[in-house]
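J.: What follows is each chain in one-letter form.
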Amino acid sequence: MKRTNLTLWLAAGLVYIFLYVPLVIVVIYSFNDSRLNAEWVGFTLDWYYKLFNNQEMLLAARNSLIIAVSASLLATLLGTMAGLAIHRYRIRVLPFLVFAPIAMPEILLGVSLLLFFLQILNLTLGLVSIIIAHTTFCVGFVAIIVRARLQGMDDSIFEAARDLGATPWQTFRLITLPLIMPAVVAGALMSFTLSIDDFVITFFTKGIGEPILPIQIYTMIKIAVTPEINAISTLFMLLTLLLIIIANRLDSGILQEGKKS
Amino acid sequence: MNKFRLTRWLISLPPILFLLIFFAAPSLIMVITSFRFPGEYGGLAPLVAPETDTMAGDSSLYGLTLEAYRFFFSDILYAEIFLKSFAVAATSTLICLIMAYPVAMLIAQSAKKYRNLMILLVVLPFASNFLIRIYAWMIILGPESAFSHFINNMLQFFGFEPVMMLFSSFAVLVGTVYVHLPFMILPLYTNLEKHDPVLLDAAQDLGANRWQRFWRVTWPQSLPGVFSGSALVFIPVLGMFAIPDILGGTGDILIGNLIKDQFLGTRDWPFGSALSIMLMLVVLCVTGLFTLLARPRAPK
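Chains as they are written, first to last, in this note's numbering: chain A, 1 to 261; chain B, 1001 to 1300.
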């Protein structure tokens, strides 16, 4: 028995190392005083300094934030509705519409939205088209989280509220919303992370002229690899780490409450 | 009663409308586009002939056509790219499975209080930006890296030619596995966690060795997890374009790169749409197959 565990620990340990070594290397090189990602020369904060003086990059960060906040708000609103509707009502098309965009390869959603925006809406591609595109796939993730929360609850609470004479709106505001709130917030955070991270769909629905963070990173990687990318990557990791920790707190909050009830 | 019916539609209509407009309609447009003629300067030729245009000979360029699909089957190159994408997807799914299994098994066997942390450790790197994770491998596999030097010194020591690891199919495979590994670990863990350890004890009491216990007890029970994990890796890999674009060489073009080029490079929209439709059909078949396989079955 002991030996099985040792082999298992060893194999799993190697995979964990495989998962983390690349990211650790990026972080280390972001402090390296050399233009090449090769030898360790000395500690520096130069790359961060350069980054914060890069106007294009700051604009890209601002644009990405605008997109992520708008898309996650819109997706949270629509996704919560969708989660509630899928849980309560049997509407045939809804689960398909909600889950299909996240089940297929991203490139298909990107390409079809590109065609739709240019051909039908005659929209100039830009922030608006990206916000709409991001919302389309984020709705599904919010709906999944909200529905999971609803499935873990006893539906008789809502019936009780109704029997006591509450209108649908009162039931929603006083009973349903407070109960699903942790899932709604977790869904919003997840949408934010997905949106700010998304490359493929952004790539197809972006316009010219508006710099967006992942596109900016892509261009830097493709054209000239400088340690500035390491610096922005490290900052990016810190941001997502923070969001994940918050979402995880909320999520475990959901689990604990679920156990109590 | 009316009030409740009203609520029902108030809740369901906004998401339905939004997704009908921004998901269903665009998909339909893509299908239609695949049957149209490409425009002279990229984009699309008009669907109906403009009234003023009386020039003869051009009339065949209006309306709908199967040209894009005919073009696909006219050159073996495109079928080869589809096959290659299939091969890359299958290989990376297999490697992901082999790497994910011990991790999922270890987490499922660990004490309950450590499980959430171990899962979090799997998900964390997955949360850092997708491009950054690929870029990290550019550093590691790059010609200047310590890893490259080590490998090439080894190769030279044994009398082989040094290799360039970056911009190769190998780099594409490494990047693909790295990015998609958590998608395999999570469903596998969810499945393994539900197994009843009593079955393993029983097998041991009946004289099964460790190998037999794994292949005859754990593995068959884990098949639904294996298949849903495989679907979560295989399908996105089939349509990816960024990883071969960044880590691959000129010969590592997959379906995704081909589609991307039609829209942002050569601008042949109908052909790009036809390729997307073919990809969609392949994905639907694969999804159907995996769903069928992942269905929990009664043990024989």
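In short, the hints are calculated from the structure, not lab data.
Don't take each hint at face value.
Unchecked claim - Heads up, simulated SDA-like pairs for lysine to any residue below, C-alpha to C-alpha not over 20 Å straight-line:
| no. | chain 1 | residue 1 | chain 2 | residue 2 |
| --- | --- | --- | --- | --- |
| 1 | A | K222 | B | K1084 |
| 2 | B | K1112 | A | P211 |
| 3 | A | K222 | B | K1113 |
| 4 | A | K222 | B | I1253 |
| 5 | B | K1113 | A | I245 |
| 6 | A | K222 | B | D1245 |
| 7 | A | K222 | A | P211 |
| 8 | B | K1084 | B | S1168 |
| 9 | A | K222 | B | G1265 |
| 10 | A | K222 | B | K1194 |
| 11 | A | K222 | A | G207 |
| 12 | B | K1113 | A | G13 |
| 13 | B | K1113 | B | K1194 |
| 14 | B | K1194 | A | L8 |
To be verified - Label pairs and their in silico Cβ distance ranges:
| no. | chain 1 | residue 1 | chain 2 | residue 2 | range |
| --- | --- | --- | --- | --- | --- |
| 15 | A | V93 | B | Y1114 | 51 to 57 Å |
| 16 | A | I157 | B | L1020 | 31 to 37 Å |
| 17 | A | N54 | B | R1115 | 40 to 46 Å |
| 18 | A | W40 | B | L1284 | 28 to 34 Å |
All residues carry an ideal CB built from backbone N, CA and C; glycine is no exception.
J.: Against each hint, give a clear statement of whether it holds in the structure.
T.: Outcome of the hint check:
no. : hint                         : result
1   : A/K222 / B/K1084             : 24 Å, violated
2   : B/K1112 / A/P211             : 45 Å, violated
3   : A/K222 / B/K1113             : 43 Å, violated
4   : A/K222 / B/I1253             : 16 Å, holds
5   : B/K1113 / A/I245             : 17 Å, holds
6   : A/K222 / B/D1245             : 9 Å, holds
7   : A/K222 / A/P211              : 15 Å, holds
8   : B/K1084 / B/S1168            : 14 Å, holds
9   : A/K222 / B/G1265             : 16 Å, holds
10  : A/K222 / B/K1194             : 45 Å, violated
11  : A/K222 / A/G207              : 19 Å, holds
12  : B/K1113 / A/G13              : 19 Å, holds
13  : B/K1113 / B/K1194            : 16 Å, holds
14  : B/K1194 / A/L8               : 19 Å, holds
15  : A/V93 / B/Y1114: 51 to 57 Å  : 43 Å, violated
16  : A/I157 / B/L1020: 31 to 37 Å : 32 Å, holds
17  : A/N54 / B/R1115: 40 to 46 Å  : 42 Å, holds
18  : A/W40 / B/L1284: 28 to 34 Å  : 50 Å, violated
Checked against the numbered hints given earlier, the structure breaks hints 1, 2, 3, 10, 15 and 18 and satisfies all the rest.
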